[in-house]
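Asks: Below, each chain spelled out in residue letters.
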Amino acid sequence: MTDQRLEGMLEQRLSAYFAPRADEVAPATLRATIDAIPDRFPIRRGWFATLRSRPLLVFATIALLLALAIGAAFLAGGRPPRPLLPLPPAVIQPGLTDPPPPQLPLRMGLIAFDTGGDIIVAGPDGSNRHAITSGPATDFGAQFSPDGTKIAYWSQAPGDASQSDPKLASTSLIVMNADGSRPRVLTGGIVYPTWAGPRWSSDGQYLAYSEDAPSGTGSEIVVVEIDTATRHVVGAGTEAHWAPADPTLAYVGSGLMSLVAADGSADHVIARGVSESRRDTVRWSPDGARLAYLTTDCCGIPDTMVVDRDGTNVHPITDSTGTEAFGGWSSDGRQTVLLRSQPDGTSLVLVADADGRNARSLSVTGATGEASWSPNGLRLLIGTEGGLLIVDPAGVEPTIRIAADAPLGVSWQPVGPRTAVVTPSTAPASTPGTRRATSGFVVPFSFDAALLPWVTSERYGQGPSGERAYGVSSVDGVGIAAYADPSLFADPCYPSKGFAETGSTPAELAAVLAHTPGLEVGATTPVSVGGFSGLRVEFRSVTDPASCEQPHRLRVLETEPGVDEIYEWAGAAASTTSDEMRRDALPSGVIASRWLIIDVRGTRLVLEAWSNYAVSSPKSPIGGLDELEQTLDSIAFD
Amino acid sequence: MICGRRERFGRARCLVIVSEREGPGLTRGELAELAGQQERAAAFRRLSERRLDPSYRLARAIVGEPAEAEDAVQDAFIQAWRQWPSLRDPDRIEAWFDRILVNTCRNRLRSRSRARIVDISVSLEIAQVGDQYAAANDRDQLGIALGRLDVDHRLVVALRYYGDFTVDQIAARTGLRPGTVKSRLHHALRRLHALLDDTGSGAPR
Numbered sequence: 001m002t003d004q005r006l007e008g009m010l011e012q013r014l015s016a017y018f019a020p021r022a023d024e025v026a027p028a029t030l031r032a033t034i035d036a037i038p039d040r041f042p043i044r045r046g047w048f049a050t051l052r053s054r055p056l057l058v059f060a061t062i063a064l065l066l067a068l069a070i071g072a073a074f075l076a077g078g079r080p081p082r083p084l085l086p087l088p089p090a091v092i093q094p095g096l097t098d099p100p101p102p103q104l105p106l107r108m109g110l111i112a113f114d115t116g117g118d119i120i121v122a123g124p125d126g127s128n129r130h131a132i133t134s135g136p137a138t139d140f141g142a143q144f145s146p147d148g149t150k151i152a153y154w155s156q157a158p159g160d161a162s163q164s165d166p167k168l169a170s171t172s173l174i175v176m177n178a179d180g181s182r183p184r185v186l187t188g189g190i191v192y193p194t195w196a197g198p199r200w201s202s203d204g205q206y207l208a209y210s211e212d213a214p215s216g217t218g219s220e221i222v223v224v225e226i227d228t229a230t231r232h233v234v235g236a237g238t239e240a241h242w243a244p245a246d247p248t249l250a251y252v253g254s255g256l257m258s259l260v261a262a263d264g265s266a267d268h269v270i271a272r273g274v275s276e277s278r279r280d281t282v283r284w285s286p287d288g289a290r291l292a293y294l295t296t297d298c299c300g301i302p303d304t305m306v307v308d309r310d311g312t313n314v315h316p317i318t319d320s321t322g323t324e325a326f327g328g329w330s331s332d333g334r335q336t337v338l339l340r341s342q343p344d345g346t347s348l349v350l351v352a353d354a355d356g357r358n359a360r361s362l363s364v365t366g367a368t369g370e371a372s373w374s375p376n377g378l379r380l381l382i383g384t385e386g387g388l389l390i391v392d393p394a395g396v397e398p399t400i401r402i403a404a405d406a407p408l409g410v411s412w413q414p415v416g417p418r419t420a421v422v423t424p425s426t427a428p429a430s431t432p433g434t435r436r437a438t439s440g441f442v443v444p445f446s447f448d449a450a451l452l453p454w455v456t457s458e459r460y461g462q463g464p465s466g467e468r469a470y471g472v473s474s475v476d477g478v479g480i481a482a483y484a485d486p487s488l489f490a491d492p493c494y495p496s497k498g499f500a501e502t503g504s505t506p507a508e509l510a511a512v513l514a515h516t517p518g519l520e521v522g523a524t525t526p527v528s529v530g531g532f533s534g535l536r537v538e539f540r541s542v543t544d545p546a547s548c549e550q551p552h553r554l555r556v557l558e559t560e561p562g563v564d565e566i567y568e569w570a571g572a573a574a575s576t577t578s579d580e581m582r583r584d585a586l587p588s589g590v591i592a593s594r595w596l597i598i599d600v601r602g603t604r605l606v607l608e609a610w611s612n613y614a615v616s617s618p619k620s621p622i623g624g625l626d627e628l629e630q631t632l633d634s635i636a637f638d
Numbered sequence: 001m002i003c004g005r006r007e008r009f010g011r012a013r014c015l016v017i018v019s020e021r022e023g024p025g026l027t028r029g030e031l032a033e034l035a036g037q038q039e040r041a042a043a044f045r046r047l048s049e050r051r052l053d054p055s056y057r058l059a060r061a062i063v064g065e066p067a068e069a070e071d072a073v074q075d076a077f078i079q080a081w082r083q084w085p086s087l088r089d090p091d092r093i094e095a096w097f098d099r100i101l102v103n104t105c106r107n108r109l110r111s112r113s114r115a116r117i118v119d120i121s122v123s124l125e126i127a128q129v130g131d132q133y134a135a136a137n138d139r140d141q142l143g144i145a146l147g148r149l150d151v152d153h154r155l156v157v158a159l160r161y162y163g164d165f166t167v168d169q170i171a172a173r174t175g176l177r178p179g180t181v182k183s184r185l186h187h188a189l190r191r192l193h194a195l196l197d198d199t200g201s202g203a204p205r
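The listed protein sequences correspond, in order, to chains A and B.
Quick note on numbering: the first sequence equals residues 1 to 638 in my numbering.
Quick note on numbering: the second sequence equals residues 1 to 205 in my numbering.
Calculated from the structure, these hints are not laboratory results.
Even glycine gets a Cβ: it sits at the ideal position worked out from N, Cα and C.
No false leads were slipped in.
Residues from chain B shown here face chain A by an in silico Cβ test under 8 Å; the list is partial:
(1) Leu52
(2) Asp53
(3) Val73
(4) Leu189
What follows is a set of in silico ranges between Cβ atoms, one per label pair, in the way DEER data are often shown:
(5) His193(B) - Val269(A): 43 to 49 Å
(6) Pro66(B) - Thr525(A): 44 to 50 Å
(7) Gln4(A) - Gly179(B): 17 to 23 Å
(8) Gln4(A) - Pro66(B): 31 to 37 Å
(9) Ala36(A) - Thr180(B): 35 to 41 Å
(10) Lys182(B) - Ala354(A): 55 to 61 Å
(11) Glu94(B) - Ser170(A): 55 to 61 Å
Let the hints inform the model, and build the full structure from the sequences given.
Replies: Listed below in structure tokens is the structure:
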């Protein structure tokens with residue numbers, strides 16, 4: 001078929017694709033919102049309007065840039081080091097003579113994945129993503145160590161990675177600290193390893209993977225002892241997984257599933273008729289007593305089978321309805337995730353009871369066949385055409401999308417025991433309506449390395465006395481709650497106080513607090529919630545009277561089409577900004593509130609910029625940057 | 001009209017005209033702003049009446065998701081309201097507004113790729129027996145492929161095949177040169193071909 005003909009067909013398909021939308025109309029809520037714009041945004045002539053003259057505008061731009069540069073220099077020189085996030089990027093430098101001291105990242109349930117040939121670490125809600133490898137090498141298959149402090153991954157040198165077939169490229173196995181520091185090549189010259197990444201033994205001593213045998217006779221299972229960087233072959237196969245609590249390896253080869261010790265001893269078969277797909281298909285149950293695997297089958301539809309560790313009690317977990325992959329058990333062993341293949345090559349994601357019954361479909365489109373449970377079993381990470389999804393299988397929390405380019409390996413950082421509690425404070429009741437739709441809460445510090453990076457939901461709640469409470473909970477079940485009496489918002493120094501309940505250890509807390517000036521910690525008491533132990537820490541921000549007299553102000557100056565908002569901070573130095581929209585169903589069930597999250601000198605302010613569409617909400621039906629500006633004019637943040 | 005199109009670079013000129021209308025209780029400036037606002041509001045409402053639905057549809061074609069499209073349209077109207085003085089030729093108001101809309105859509109798509117978007121709806125459905133082989137139709141494949149185009153390519157494809165705009169019209173709405181529009185369209189179609197041909201996930205297995 002000629003190119004022209006193909007192009008014509010594609011054009012027809014595109015026309016057909018877009019055609020049915022012609023009868024769509026804008027929702028009534030949007031219409032009402034648009035109609036209200038002239039009333040809600042009166043034409044005001046601030047000082048910015050005087051800059052309409054070009055020379056002044058040019059002058060002001062130069063002045064702003066200068067102020068930014070000075071501000072940046074000031075911040076660089078005058079600020080104490082930031083907390084551990086964002087972590088610095090690392091470049092692999094073989095022969096590094098004086099490696100930097102390791103930074104121990106806190107166990108906060110990060111995720112690691114690869115995109116564009118670099119390893120990315122992000123908060124478990126996808127925020128604060130940053131590359132921890134860079135450079136021309138193609139890095140992928142990142143896997144956190146069991147203690148969460150290290151990452152193992154594959155790296156293909158530029159020349160090799162650019163070969164037409166990446167399967168033939170020479171791959172190195174690298175282990176680095178989870179912040180990207182101290183990369184160490186354990187072994188190189190690996191051909192066609194398990195793309196999803198090397199597997200850590202539960203004690204963190206070994207890595208296992210499959211690779212093409214040098215003899216060209218299939219693939220073999222390799223175990224590398226990390227301390228000594230010694231490697232040895234323990235069997236022939238394509239897939240290897242360590243038991244959850246002991247250094248026993250399950251591997252699949254020649255249609256058999258075997259268990260073997262890390263040193264290659266005690267090799268024995270526990271199941272036959274096992275499918276070999278080089279995909280992540282074998283899963284240990286959380287207690288290490290059972291294994292799930294895919295069968296080779298008669299009719300192109302593999303079944304997921306479960307076998308006890310001793311090779312007995314083989315039974316199917318699915319009912320021959322075409323489940324292609326098994327995503328594993330949740331941490332309590334009560335739920336499973338199943339990936340059912342679809343004709344388009346993507347998978348339908350099902351959550352079912354441990355026996356495969358009561359399957360519910362998560363409405364995920366374009367799943368590409370990777371799914372795994374978060375360490376606490378509360379979330380699912382699913383790879384799709386458009387990146388990664390973090391889904392709450394209970395359907396309560398919103399799905400989080402993380403843009404990524406077909407990552408090959410995805411890993412959750414293991415977390416310690418943590419608590420998730422949001423309890424109203426006993427602050428005095430507020431006067432309803434005094435704050436309009438706009439309010440803010442400064443989060444000037446962070447427990448657990450960073451507060452907001454892993455926040456997934458904020459809720460305004462009502463305390464027992466009717467106060468407005470600001471609560472925060474995280475995706476990995478780590479809870480943190482902070483409350484402020486709204487009357488405090490009127491204080492020019494904007495103090496905040498509250499408490500946090502956290503699973504971080506006292507040492508971890510101390511490490512964070514060392515980086516968070518302006519915070520005073522009060523009583524710390526042990527708490528136990530939901531079987532997890534943690535700390536309840538009371539805090540308040542320490543205000544500086546001098547800064548109250550000349551408070552720093554954040555003002556939204558102006559917006560232009562195609563230009564991000566311009567902010568003024570402390571009179572001159574503009575902040576870095578990022579706006580992230582959040583949506584929450586309001587109690588009225590109507591739709592959404594909208595947030596503006598602003599980075600100001602590394603402190604993240606959360607401002608409710610406006611609440612759209614809230615027809616029956618007592619909140620203002622539309623607000624925006626103007627309202628925000630008006631409010632901020634009367635409030636100082638520091 | 002009090003200030004009209006010439007307001008952009010000369011407030012003084014506006015005030016001279018306004019002075020004829022000066023009334024008790026209001027300063028010249030206040031009066032000017034009041035009248036200016038009323039006039040602008042009337043024109044704005046005419047614009048929104050005429051353009052809201054087409055804008056929404058165009059935004060849907062470009063950004064995809066309804067909520068994103070709503071946000072883009074709302075942003076565009078707010079920008080239009082604020083940037084009204086930059087409308088120099090009222091006869092070209094639709095192209096002027098489309099350009100703002102295209103810009104807000106582009107920003108939406110860009111911010112979607114650099115920040116996360118939190119979806120409000122995760123609906124759980126009971127799996128239906130026999131649904132596992134529901135045919136993945138052409139539309140889904142095309143939608144996935146479109147979603148994988150980069151922002152600028154997706155934009156020109158949507159304008160061309162949804163908006164049915166000519167190359168010159170697309171150029172006017174994107175601020176690109178016609179030659180650039182042509183080459184982007186060409187590349188976008190080639191990329192779509194490649195994406196549609198590539199039924200795998202792209203993983204080098």
